[in-house]
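Add chains B, C and D to chain A, keeping to what the hints say.
Protein chains in written order, with our numbering: chain A, 1 to 332; chain B, 1 to 332; chain C, 1 to 332; chain D, 1 to 332.
Worth flagging that the hints you see were computed from the coordinates, not collected in a lab.
A quick note: this is a predicted structure, and the numbers were derived from the prediction, not measured.
Beta carbons are placed, not taken as given, at the ideal position from N, Cα and C, and that holds for glycine.
All the given hints hold, so there is nothing to weed out.
EDC-like cross-link-like pairs, simulated, lysine to aspartate or glutamate; straight-line CA separation at most 16 Å:
1) K28/C with D52/C
2) K28/B with D52/B
3) K214/C with D231/C
4) K214/D with E309/A
5) K28/A with D51/A
6) K28/A with E320/A
7) K214/C with E309/B
8) K214/D with D295/A
9) K214/C with D295/B
10) K214/A with D295/D
11) K28/C with D57/C
12) K214/A with E309/D
13) K39/B with E320/B
14) K214/B with E309/C
15) K214/B with D295/C
Covered, in the sense of this in silico footprint (three residues per stretch, anywhere, with C-beta under 8 Å from a C-beta of chain B), are these stretches of chain D:
16) 180-187
17) 210-222
Over the 10 Å line for every Cβ pair with chain D, so calculated as not near, a few chain B residues:
18) N37
19) N107
20) H140
21) L225
22) G228
23) C250
24) S254
Number of protein chains: 4
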Amino acid sequence: MLAAESGSSQMSKGIYMHAIGVDIGGTKIAAGVVDENGKILAQTRIATAADDPASIDRSIAQVCATLAQDYEIGAIGLAAAGFCSPDRTSVQFAPNINWREYPIAANVRALLGLDVQVPIVVENDANAAGWAEYRFGAAHDATDMLMLTIGTGLGGALVINDQLVRGRYGVGGEVGHMRVVPNGHTCGCGHDGCWEQYASGSALVREARAMAIKQPAHAQLLIDLAGGSVDAITGPLVTTAAQQGDQFSCSLLSELGRWIGEGAASVAALLDPEVVVIGGGVAAAGDLLLTPAQDAFLSSLPARGHRVEARFELARMGNEAGIVGAADLARL
Amino acid sequence: MLAAESGSSQMSKGIYMHAIGVDIGGTKIAAGVVDENGKILAQTRIATAADDPASIDRSIAQVCATLAQDYEIGAIGLAAAGFCSPDRTSVQFAPNINWREYPIAANVRALLGLDVQVPIVVENDANAAGWAEYRFGAAHDATDMLMLTIGTGLGGALVINDQLVRGRYGVGGEVGHMRVVPNGHTCGCGHDGCWEQYASGSALVREARAMAIKQPAHAQLLIDLAGGSVDAITGPLVTTAAQQGDQFSCSLLSELGRWIGEGAASVAALLDPEVVVIGGGVAAAGDLLLTPAQDAFLSSLPARGHRVEARFELARMGNEAGIVGAADLARL
Amino acid sequence: MLAAESGSSQMSKGIYMHAIGVDIGGTKIAAGVVDENGKILAQTRIATAADDPASIDRSIAQVCATLAQDYEIGAIGLAAAGFCSPDRTSVQFAPNINWREYPIAANVRALLGLDVQVPIVVENDANAAGWAEYRFGAAHDATDMLMLTIGTGLGGALVINDQLVRGRYGVGGEVGHMRVVPNGHTCGCGHDGCWEQYASGSALVREARAMAIKQPAHAQLLIDLAGGSVDAITGPLVTTAAQQGDQFSCSLLSELGRWIGEGAASVAALLDPEVVVIGGGVAAAGDLLLTPAQDAFLSSLPARGHRVEARFELARMGNEAGIVGAADLARL
Amino acid sequence: MLAAESGSSQMSKGIYMHAIGVDIGGTKIAAGVVDENGKILAQTRIATAADDPASIDRSIAQVCATLAQDYEIGAIGLAAAGFCSPDRTSVQFAPNINWREYPIAANVRALLGLDVQVPIVVENDANAAGWAEYRFGAAHDATDMLMLTIGTGLGGALVINDQLVRGRYGVGGEVGHMRVVPNGHTCGCGHDGCWEQYASGSALVREARAMAIKQPAHAQLLIDLAGGSVDAITGPLVTTAAQQGDQFSCSLLSELGRWIGEGAASVAALLDPEVVVIGGGVAAAGDLLLTPAQDAFLSSLPARGHRVEARFELARMGNEAGIVGAADLARL
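Chain A with its partners taken away, still in its complex shape:
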């Protein structure tokens, strides 16, 4: 049940109890009812079409209506892969879905029915996932966090003084586009040398393939795992090989970790976080990635010896982080 404006005290209590979080992807929408401890009580998902925002609106409304049948809901949070307006009503721009100054919260509200008065907010998906780690996951006991989501690209989230950093215009936390190498690798964003080009799954695969061509003997296990084709080397294969003790693959993860740690040290110069959380698909490598990242971080940290050093943690919230974080942010 979605708490309406005319809600009883029971309903307003609901605001503090259950919220729906909706993680809007390019091909599917995943949503869940999240309690105030970050636990998902019910979950659903639905396929969707990236090229049709209106259809996405309808899918969102549909999953919300479904989940609200069995739970009293106090708020709805939408996690969107795009720049969100600071007032949390619209997606300003998205790279993969055709959202341009798109009033997604109002649209969903209209579809749900005008009597539904619970807060509906939209948040950047990486920020939502980071918030989930901050509230219920690897950083639950921290006040200042740098979250790095290392998938194909490098996303992230920042929490400072217990507050999510959305940025003045909703574009904060784009850590992957901090420049780490002047005149470096060209990024999809049009600039050169972005951190993402050195600390991401794509970077790992690029280096793995290049090194496998240069040093095929050393890369033999990795090439075998890839069915004999250098072009078939993937990030998960590097992790698999490394976990089997393959020195070549361990070196690749170590180099990736070095870029993660060195970049994190630059962030720490600015923000002095308490914890750096490493998530995303590449985090499956675990300590093979975390240890070199932390070593490089400590080696590069300014004023080391005169400060408390941030600790590194693996993310704990898994793929549901976006749902949980969006729901929790909607309650605030």
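Just chains B, C and D now, with coordinates in the frame of chain A:
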């Protein structure tokens, strides 16, 4: 008069009215009474010795007592060039004064007399100066600010969501030690490639002298201003020459501005500020520095065209920024 | 007439007179009879297929036989876009034609007839073109030359002590793959940061398009010349716009020139050449490229003031440089 | 006996037999009689004063006269730490001795007596040492060599097509000033990012000390060897610790080797040498340096797999290389 615990309502009103700000330098202490609009009502200064923290304590107490004779004081803020504890009581470490885990607030309180119960806090001096710009200066209408203080080195301050970023352990805002060039110029901090090595008065002088040796014909005016000696070229001389239209000096400021702007774009990727304030001695170059900085910022800004761009401003609070900021932070 | 082993004294004189140069491209073969002053007396060309080395052999033999009908020929030089064996008989490897340890000289000799005993040699095409500049063009009065051929990629040739630098194994002069930026732009060769990625027509186009996206207002003329499409911007359009005084395009050429000059200074640290010759399609920009290249070279030259500085020259031999150089090298 | 112009056939035979090589250092002169196999038959040395070129002339003449008492001498070669004129008569400039356009060969000849007509030539000392390796040492069977002398700085020599590369104006072979990092470490030469700043004993010491401060626990053995003081860490101590199996010191040598190998790969792109000879004091580390250098070279070598790869060798001629090379070059 320093409001004591037994203060009347008049005294507690004073908390919201006047505070003392003390800017502790290596050779002198400057202090002032600051009203709630950031105006300095009275000011004093005293010479001091960097190698004697106890003597500095006494000097601080002395200037506070002097200023308190004519004003009712609700709080005292100390601006110190060092890492301050998050609880704002101690200086953890300072590069130029022999403070190590030093309880400066308690010491000053003891010297002022145990019946003085006004808050006494210590803040990093760059943070205090930045706070003054945020509250009363170039960023007074903004919620999110990056302040860059470009003197011999590169200091800074960050305000996010209307809050000063002190960092979890009091070491936030060390913007000058974000790495911008891997394997770059060695920094005094022991690391390589820090932003400070490219965007500071020292960098300007280093480049000016190197270029003057390489291209003496182009550098003629600048060398003349330096009395014929390349080694006598200073930052202010570069600014003077540039203001006279000297192309060589304009290029040097332009290159400095480029590094400022490109680094600021990296910070903007993380924090999406509303305004970038440029202060410090080098800011005397005005638009000769600000324009290339802004151009480079815009050229390097990720997702440009899909976001509101931060504006650039020159600092307005002058040398008293530390006093004003420390006083104002003490009131919070 | 191809001088046979049984050649009269008239024929042996021919060795010092006329030679055939053959420039083997991916889609066509251009050949000419070249006198000892580097003048082309007759010229012919023929289309060819890159994927059929045997057919290329036949085409070469055909153009040689045709040209030999009217001239007494003392030597034949083949210019090939690949790594040539130090004994000048084979192409070891080529990126665009399927030559692998390919005995091209012997093949052509067999097709021409076993009684033809004139020397037939194969040389790298960039080396041949550079040799033509050294012997008859922009460096004709020099003993030590760096030639840079700036087309889509960055090729080059080196002459030291009046000798062409082929390298111990025939792979010398690959100047475009000197690394100028650690962890820089990925090169087609599989490495990162090669000079070619910063000093080539491809680099010019990459930067032009990226900057046009970032600063569309500044790039207006260039975008207009490209029919309104950033993706249609080409190197010749940049040159055209720059020649019309377009500041944006001049800056792009200036930046390209800077990378050329800075890299050339590194080569000069090793080799101390007398002249740097700039050729290839991008050299059409003339002084708009040459002047910034030379400025950057001088700014970056080690020990400047204690040495004679290499001069910069535009190439003079045009598209026939490969023919002339191959012919002349065959006579040696 | 110095062979005079009126020399008998016995004397002219001497030209092909014995030559004097003189290695002119800042504090001493070492000289020897060298036979045509590079063997030193007699040797002497004398202290000297760097600030008095005339006194150095006299010392040179004196050691030559002494050595000539017992041997018939056909030529005299002087190895000087400076830029030498291409005609091998003068030192154009030297950083440590006050030679400016200094006619050292004529001066020495005048002091030896006008009837002495043997050739007297001056060569750059690094070139002379490299030539000794090429003729009689690690590269004696090669035609194309890159010699790297890794002492405090990074010197070198190039032999191409069996010829020493002096450069058009006598300034060739300054390999240490090839730029490897744009905006990198400032070099004593006034430029930034020179190879010498990354591949030299000074670089090793700088990194060792910086890392020892950052990671004192890991650096314990090295700090102990340095008597407890990070500032007392030297290159030889790093080598000693590495030879004892110290992981931290091995990593430092490995990183040094990486820069050596990566830079050598850039040289190989230009020159395709047959052998890279590593000499100088740092070469005492042997395989601990050579192996990572070679690995990095191979990883960075363009077109690997399609070329023969240069081999790496340690220098063999020791401290006498300058004497031997200067003597041998004087015979040419």
